[in-house]
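Let chain A serve as the given structure and place chains B and C on it in line with the hints.
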Amino acid sequence: MTVRSWLSLYALLIRTSIKSRMQYKFNFILASFLAALIQISEFLMVAIVLYKFGAIQGWSMHEIGYLFAVMTLSKTLYRTLADEVHHLERYLVNGELDQLLTRPMPVLLALMPQKFRIMLGEVLQGGFLLWWSLHGMMAAGQVGWSAVPQSLYIIVTGAVILFSIGLATATFGFWTTRITELQNLTEDAARTAAQYPLTLYPKWMSSILLIVVPVGLVNYVPSLYILRGELGAWVLPALAGAALLCLILSLKFWQFGLTKYQSTGS
Amino acid sequence: MIEVSNIRKEFKTPVVKEGRFSGLRTLFTREYRTKEAVKGISFHVEPGEFVGYIGPNGAGKSTTIKMLTGILHPTSGRVSIGGLNPHKERRSVVNNLGVVFGQRSQLWWDLPVKDSYDILAKMYSVDQADKERRLGQFAELLDLRAFWETPVRKLSLGQRMRADLAAAMLHDPDVLFLDEPTIGLDVNAKRNIRHFLKLINEQFGKTILLTTHDMDDIEQLCNRVMVINNGELSYDGTVKSLRETIGLPTVITVTFRGPFVIPEQFQGEGNLSVPIRVTGSLDNTVTIEVNRREMNTLDIFKELGRWGELDDIDMEDPDFEDVIHKVY
Amino acid sequence: MLYFTLASKAYARNLQYRGAHMVHNVASAMFGFMYACIWLGLGADYALGDYGTQGMVGYIAFTQAALWVSSFVTNGLGIPQAVRTGHISLDLMRPVHLFSHLMAKEWGQIAYQFVYKSIPIYLVYYVAFSLQLPGKAVTFLYVAIALAGAAYLSICINYLIGASALWTTESSWLYWGNHAMINLLAGFFIPIEWLPGWLQTIAWWSPYPYLLYVPTRIYLGFDDVSHLWGTLSWCVLLTLASLLATGFLRRKVEVQGG
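Chains as they are written, first to last, in the numbering used here: chain A, 1 to 266; chain B, 1 to 328; chain C, 1 to 258.
In case anyone wonders, no lab produced these hints; they're calculated from the structure. Please note: incorrect hints may appear among the correct ones.
[As the list claims (entries may be wrong)] Listed next, the in silico DSS-like pairs over lysine-lysine satisfying Cα-Cα at most 27 Å (straight line):
| no. | chain 1 | residue 1 | chain 2 | residue 2 |
| --- | --- | --- | --- | --- |
| 1 | B | 12 | A | 260 |
| 2 | A | 260 | B | 35 |
| 3 | B | 12 | A | 252 |
| 4 | B | 122 | B | 154 |
| 5 | B | 154 | A | 25 |
| 6 | B | 131 | A | 115 |
| 7 | B | 39 | A | 260 |
| 8 | B | 154 | A | 19 |
| 9 | B | 154 | A | 115 |
| 10 | A | 252 | B | 88 |
| 11 | B | 198 | B | 131 |
| 12 | A | 19 | B | 131 |
Chain A extracted, bound-state conformation (with noise of 0.2 Å):
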């Protein structure tokens, strides 16, 4: 199985899957609208506050909003093409990851192609508040048009780094089998927290979201350089290496609890 006809064999995944979903036209648009709509409450429970105290530590609302939109953009990236690994608990309880080591391939190259997950209301949503405030920061100044094609790269690294954590996560599957609680905790907690400016929490809990789980990295980090011009260039590259650390150390860990699974079983 060469890399070429795996992803040629993850396209046909997306067209089938794209096709089939396209049966219900209507039905995926609307709820898909609704979704974006649903989700933009929690970012305008924010925009509230912003709006009536200006700023929260020196960040403005538009430079909030594209936090949440980089987060959630990168989210909905690694999400869409990765869900099973995020759902490795179901295949732990029913036995189903025996079905994938029965595949010619390694198993996370296995796991991905079951399923592609359209998510269309995050992609609006994320969309629009990317818009919204990059055209916002432009108008006042802040931005130039290169925030564009930098944001755009910090998502896809930003994207990395979010399924480096889920994997990592998952792996404790194979010792727990259950894995809500903790996903609880590194991705949707972390993913929250990180919505907001880092300086907010105390230097124990920015830390750790530096450093143990990275969701610093994904929008935090480089929004320094990229809306204010802090740090220098080398942020971009750095995130990149750091992207890549976090995939390798996670896959290591992964093959790691794989090794355990197969040799006590479930």
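Chains B and C in isolation, oriented as in the chain A frame:
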């Protein structure tokens, strides 16, 4: 084709703590209980054999199968399929292996059946021409055209099982492992599937290992059966000799014409030293149990002939189910 | 007696998972901690009206704990699920009114959540932020009434959401929509008086402020006890709506077979 050499599997389960915070304490415990699920099993399967693999629940059946497919690593011992070790070379072995889990489908739940085959073909690098040809064959043999476009989640159990079988055979593996393929199916569906399995075994020479709780599957399909009990192989041989080995008695119902006498030594329930046991008597009919290994058929008839004038004799071989129960 | 049994069974059913729930509480407490940090950050730069920084932290602490009583209620009280499986016809056949039946079960659930989620979570905040408990004993009484009212309102709202499952398969949208409303109109993260004027008006025309804002205000010592009349009126209104809905529901099942 399949070579299994003294494989053992030990599971270490943590001793569950009682009392407060039991869940947490169990996670950190150092006390383990060792369970030997498979205690040294060896067997050899030639290409083209159709072997049944049966045993009570918890006997180590699925553990053995998992070790054969590379899902589980044995604690010790060797496995070789087609000359390759499934643990060291999982991907190569699996390329030549088809697996069907009766309880779960390997197809994509939300997509039409045909899409699953397209994806699987890509997974196993089956080229277009071969895929079309094989699917054409399977579609006929298993009558798949009727639900070709239906999403898998809408299929009935029988339809899904047929589709799963075709999926397992798509990359033309030499070896097939089937785990309870007929479970929950109605009579027609079972017949259909058994017919297909017999065909691919006899005509295409596929080696098949079948685990099942349905004894009719074994009787109709397998020329050889292995019985596992308590982690050990308690029987490995043909179906026929299994019956004989177990030595369950044949039940014979004799109808006499006119009066008859049952000799003294055969009367009484507790008399185990005689080969013929009388288990019931009504009007002109007597029911007896005989172990045909202890007394051959001709001698039985001669003996019965001495009791009275024979009118009718009906012989019932022990149910295969009962034979198996005896083995368990 | 029956209702008590239904409630205590629901309570007991949850007990076996309390280990996992305690772990979950850590994550829940984290959320509140984050929101509190945001207000601490704001308080450093701005004056925070009636509350002051410490007051706002107390506000967040109480609302977060109260979520388990007035917000995290079983989706549609389990009706959508019962409709999907067809179980709803069985439920309607029982000699107990559907509303009181489901409500009793939910009270058990809420009682469990109060003891095993709200209280531990609040304790964490209490310690972490050195909060103060209300000074007067009578405050606790009013808070209890407000919370009970909030729980009741939440039950009614979810009952109506659940009932809608008989007419549409998209009732989960109503459930999430309800949550969105709570985020915006119940004083979840920001006190209602700081909402833009038009949004405030909308909020007070809805039952949402009585779910979180009113109990919190009373707890923090603001003399808003008069709000309890609002709680009462909404309780009456939503009860009527629920009874009406049951009537429609019953007719639909009888006519269509569920």
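Structure-based check of each hint:
no.: 1; hint: B:12 to A:260; result: holds (12 Å)
no.: 2; hint: A:260 to B:35; result: holds (17 Å)
no.: 3; hint: B:12 to A:252; result: holds (24 Å)
no.: 4; hint: B:122 to B:154; result: holds (24 Å)
no.: 5; hint: B:154 to A:25; result: holds (20 Å)
no.: 6; hint: B:131 to A:115; result: holds (23 Å)
no.: 7; hint: B:39 to A:260; result: holds (21 Å)
no.: 8; hint: B:154 to A:19; result: holds (17 Å)
no.: 9; hint: B:154 to A:115; result: holds (17 Å)
no.: 10; hint: A:252 to B:88; result: holds (18 Å)
no.: 11; hint: B:198 to B:131; result: holds (22 Å)
no.: 12; hint: A:19 to B:131; result: holds (22 Å)
Checked against the numbered hints given earlier, this structure breaks none of them.
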